[in-house]
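J.: From first to last, the protein sequence lines are chains A and B. My numbering puts the first residue of the first sequence at 1, with every later residue one more than the last. My numbering puts the first residue of the second sequence at 306, with every later residue one more than the last.
Accuracy of the hints is not assured; some may be wrong.
Simulated coverage check for chain B against chain A, where a stretch passes if three residues somewhere in it have a Cβ under 8 Å from a Cβ of chain A [to be verified]: (1) 405–419; (2) 549–556.
Below, in silico cross-link-like pairs of lysine-lysine (BS3-like), each with a Cα-Cα straight-line distance of 30 Å or less [claimed, not checked]: (3) A:K248 - B:K580; (4) B:K675 - A:K44; (5) B:K675 - A:K208; (6) A:K44 - B:K381; (7) B:K580 - A:K208; (8) A:K245 - B:K565.
Calculated from the structure, these hints are not laboratory results. Virtual Cβ for every residue (Gly too), placed ideally from N, Cα, C.
Chain residues, written in single-letter form:
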Amino acid sequence: MVFGRIFSGIKRGLAKTAGVFGGVFDLLRGKGKVDQAFLDELEKQLYLADVGTQATATIVDRVRQAFRDKEISGEVLEFVKAQLRELLTGPSDGIVYAPSGPTVVMIAGVNGSGKTTSIAKLANRLQREGKKVLVAACDTFRAAAVEQLTVWATRIGCEIVKQGQNADPAAVAHDACEKAKARQFDVLIVDTAGRLHTQTNLMRELEKIHRIVAKQIPGAPHEVLLVLDASTGQNALTQAEQFGKSVKCSGIILSKLDGTAKGGAVFGIKQKLGLPVKYVGVGEQIDDLEPFDPDGFVQALFEKA
Amino acid sequence: MFEGITRSLSEAFKKLRGRGRLTAENIREGLREVRRAFLEADVNFNVVTDFISRVEAKAVGQDVLARVDPSDQIIKIVFEELVGLMGPVDHKIPQRADRPVVLMLCGLQGSGKTTTAAKLALTLKGRGRKPLLAAADLQRPGAVEQLQTLGEQIAVPVYSENTTPVDVCRNAVAQAKRTLCDTVILDTAGRLQIDQELMDELKRIDKLVRPDECYLVVDAMIGQEAANVAKAFNDALELNACILTKLDGDARGGAAMSIKGVTGVPVKFVGMGEKVDKLEDFVPERMAGRIMGQGDLMGIVGKIADIQKEISAEEMERQQKALQEGKFTLDDFRKQFETIAKMGMKDMISRMPGMSDMIPEGEDPEEALKRVQGMIDAMTKKERADPDIIDQSRRRRIATGSGVEPHEVRQFLGQFDQVRMLMKQMSQMSLWQRLKMVTGLGKMGAFMPGGMDNLKLKGDTGHRKSAKERAEERKKKNKKKKR
Ligand SMILES: Nc1nc2c(ncn2[C@@H]2O[C@H](COP(=O)(O)OP(=O)(O)OP(=O)(O)O)[C@@H](O)[C@H]2O)c(=O)[nH]1
Ligand SMILES: [Mg+2]
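Here chain A stands alone, though its shape is the one from the complex (with noise of 0.2 Å):
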């Protein structure tokens, strides 16, 4: 359980089986110098970790450049973590807040990668920071989409905005707005429904949410969140840099961290499109959401499973 562990750690104790190929930086298993071999095998730790070809490429580039014919030491060990850590942030800053009114807060991403969960999560979390939450439930168009929202709100104790299912989601983000400032609601969280980002009449129908929450609340979204299961592999690139170009997406909610996989893809997203992650998401329960920890994250790369 990498991220339990790494993390503070709330999540009930999973027992986990080892992954098959284990998937872990073990580099000072090996003895001896900084050579072809060893280069190979980082280059391999790091492509199992879904950190992709640019990335990884820059990184075993450094290295071969730093220690090549060097004894291999604690020092490589540390300068591949430095590395990784240097692509990406600072820690998360979390949300951002408007300075005055509500902060709107907009989740978007493909089908099925934790988009709602995530919210019930993140307002969760605000609501313990003393925040006046209010939810607005627009994925109209997934079955029970609505109904699934409906339950975390009633779990969490948060307000939500809903509709039936089919109706205009502009439609529900409008009133969600007009709510949020009339009873002066803190945070106003979005959902969205999943869509492909390849689909263009549905990230158009995003643009248009964007617009209108735009147009009701100067400033807003101040926050636009899109939602990246870990364990998607290179087309995570292709999310980010779409969802980016339709809604300007302001950091990643990076979900199901508590798997084996590595959520490797955030590096190139952070190399390529300069996108951060804001938090992780640990498990399927209100609180399995943390701020995002950069050095955690890396560290937990060279974890053993």
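Got chain A sorted already, so can you dock chain B with the ligands onto it with the hints?
T.: Here is chain B with the ligands on its own, set in the frame of chain A:
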């Protein structure tokens, strides 16, 4: 992304081209590109390593065919090996006369099990069967309601009770017997393969309900993790097959290769959309093309059929005739682009043979298309009908008219020439040949047994002749006559 891979593969094989001989070294260079393409397609690292060494062993052991381009030889091996690895696939779903058949769906959270359950039910209904859906996901809020709603939509009964997943499954089978349903589909909750408690629950269902088949539902966008997931689920449940979902996006779906490579479990069906539509059969050739970045051309042929319906019958006939005569004009070309764009298939363009080369790396295909359209629009009617007349001064005029550089016009015309060649060749092939060609190799064209030669038409050297070459030929002809 798609275009990038096509390009890198073509690039790698271009390097190989013309060397005339397969050496261990020049194979390795090309194979490195193949390897990179596979890794970018999210094929598991270890599976890629195995695969590449198999291909290498095959290639090196093979006689160098004198008349075949070595790059084609390698692509052919890669493609065949890939198809061999992912196939064969049996699309049948078992049926029994004496009792309902039970199908269990399992997988990670968010992989698409519930939607797939409904799609599977619809597929079965289409085959004249009577399915029952069992709502065994009691974990995720709203999961039962979701399945009920979908069941209503497709008029398939849904069994649910607020007890335990094991009881739901058991009682669903009993219900199926009572109501004379012949297939029960168990929609189980998503779980991590390392969650021992929940994996044990699946094993309990497996032991008590004894599903006839167990399918792993996997998101096509999954990365390296696919291998771990498949291995663990297979160890726990002995999977019969896998269903790859969300393939309507642009994920390259390397998971199909990882899963089969690691567990031997084949992909059986693929999900191609969010709507409750039937599942599609998994076709290894199609997937191989997709993973290799040569595009899902078989799928595209289907889409082209749809487009063709849009174009009037006469227009089609005219175009077909023009094709056969090699008179595919820039006007036709532009029309095709327009139709494609109209149908919102910009991603398709990048998968069409020859087209991807027209889109410079990093450029938005839509932008590139606009540029190409601009160039065509800046041409005169005569030029469009007969691009061969476009000389330097005409190129300059067209370039000014469309805001591009003259060399870009030249480049485009060169590419168009290739497309025209290809079109001409394709028009003379059987549909099967076309599919094969198009799935396997895009514009490289020479993927058929026997190599490029099969494709060539009599008396055609397959490229536009330069003035010098033409003069050369005239000389030869004259000589012949004299003798
Ligand atoms: N293990 C684990 N599961 C998660 C996490 N976040 C979400 N999930 C699960 O992933 C599944 C999908 O989550 P949803 O929140 O419904 O995803 P979504 O993006 O809203 O899905 P759609 O609205 O259908 O596109 C659910 O079963 C969640 O419980 C996480 O951090 N860890
Ligand atoms: Mg949702």
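J.: None of the hints should be skipped; say for each whether it holds.
T.: Going through the hints against the structure:
1. 405–419: holds (count 5)
2. 549–556: holds (count 5)
3. A:K248 - B:K580: Holds, because 27 Å separates the two Cα atoms, which is no more than 30 Å.
4. B:K675 - A:K44: 41 Å, violated
5. B:K675 - A:K208: 25 Å, holds
6. A:K44 - B:K381: 27 Å, holds
7. B:K580 - A:K208: 22 Å, holds
8. A:K245 - B:K565: 35 Å, violated
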